[in-house]
Amino acid sequence: AQKITQTQPGMFVQEKEAVTLDCTYDTSDQSYGLFWYKQPSSGEMIFLIYQGSYDEQNATEGRYSLNFQKARKSANLVISASQLGDSAMYFCAMREGASGGYNKLIFGAGTRLAVHP
Amino acid sequence: KAGVTQTPRYLIKTRGQQVTLSCSPISGHRSVSWYQQTPGQGLQFLFEYFSETQRNKGNFPGRFSGRQFSNSRSEMNVSTLELGDSALYLCASSLLGQHNSPLHFGNGTRLTVT
Numbered sequence: 003a004q005k006i007t008q009t010q011p012g013m014f015v016q017e018k019e020a021v022t023l024d025c026t027y028d029t030s031d032q033s034y035g036l037f038w039y040k041q042p043s044s045g046e047m048i049f050l051i052y053q054g055s056y057d058e059q060n061a062t063e064g065r066y067s068l069n070f071q072k073a074r075k076s077a078n079l080v081i082s083a084s085q086l087g088d089s090a091m092y093f094c095a096m097r098e099g100a101s102g103g104y105n106k107l108i109f110g111a112g113t114r115l116a117v118h119p
Numbered sequence: 005k006a007g008v009t010q011t012p013r014y015l016i017k018t019r020g021q022q023v024t025l026s027c028s029p030i031s032g033h034r035s036v037s038w039y040q041q042t043p044g045q046g047l048q049f050l051f052e053y054f055s056e057t058q059r060n061k062g063n064f065p066g067r068f069s070g071r072q073f074s075n076s077r078s079e080m081n082v083s084t085l086e087l088g089d090s091a092l093y094l095c096a097s098s099l100l101g102q103h104n105s106p107l108h109f110g111n112g113t114r115l116t117v118t
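Listed in order, the protein sequences are those of chains A and B. Quick note on numbering: the first sequence equals residues 3 to 119 in our numbering. Quick note on numbering: the second sequence equals residues 5 to 118 in our numbering.
Hints listed in this document are in silico derivations from the structure and should not be mistaken for laboratory results. Even for Gly, the Cβ is constructed at its ideal location relative to N, Cα and C. A hint or two may mislead.
Below, a sample of chain B positions facing chain A; criterion: calculated Cβ distance under 10 Å [said to hold, decoys possible]:
no., residue
1, V36
2, F68
3, L100
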C-alpha cells in the first residue's frame, strides 16, 4: 500500500534561515506525483510544489524547492529565507494511480513549522 | 479566477442528525474530491466525482455520501451523525488529464457534532 511518512512532528527555524522538512514515501507504482501543501491555522490547504516521478530535475517554486531522491524514496521540502508567515502545518502527499486521473491523495501526518523572529 | 468555495464554514449538529456540505470548484475544473481531517486520523480521502459520477471512494461507512451536479458543484451528506464525525471537511478540485495538475482546496467546513 502507498504510504507517506513525515518524521518531524514539529520544527522551528529562525527568520531568514533555510529549513528542510522531511518526507519519505512508499509505492510500487513507477509513475506517481508528489505534492507539498501548507495549511495555516485558518484551515485552507495551499499548494506549494509538485514533483513527478519521471522529472529529471528537482522542482522549484520561488523560495520552495524539492530535494527529490528517487532511489531513497524521499522528497524533502526546502524553504529558503524563512519568513514569519511561513509558520504553518506542512503536508507531503502522493497522488495514487499511475495515470494521475484519479485525484486521490495520500497525505503524511504533517510537520508543524514555527518561524521565530 | 475564484477559488474553491465551501459552504458553510462552520456547522454545529447533534448526534443522529444529518448534514449537507457544499462545494463549488474552480471554473473549468470537473473533478471534485472530498477529504476529512481530524487530529487523530489526519487527512483521509472520502470520495471523488467527475462528470456526476463517483470514480473512487475511501474507506468510510455508507453514512457518508456525495453527489455532483452538471455544473460540477458537489455536495456531501453525512447521515446519523456520530461524535467521531467532528472534523474539518475539505473539498478540492482539479483538472483532469494532466498528471501534474495539483488539487486546489477550499477553506473547509468545520463540523462539530455534540
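Now the hints, each set against the structure:
Interface hint at B/V36: satisfied, since its Cβ lies 8 Å from the closest Cβ of chain A, which is below the 10 Å cut-off. Restraint check, B/F68 versus chain A: the minimum CB separation of about 15 Å is more than 10 Å; hint violated. With a cut of 10 Å, the hint placing B/L100 at the interface with chain A holds, because the nearest CB-to-CB distance is about 6 Å.
The structure is inconsistent with hint 2 alone, although it conforms to all the rest.
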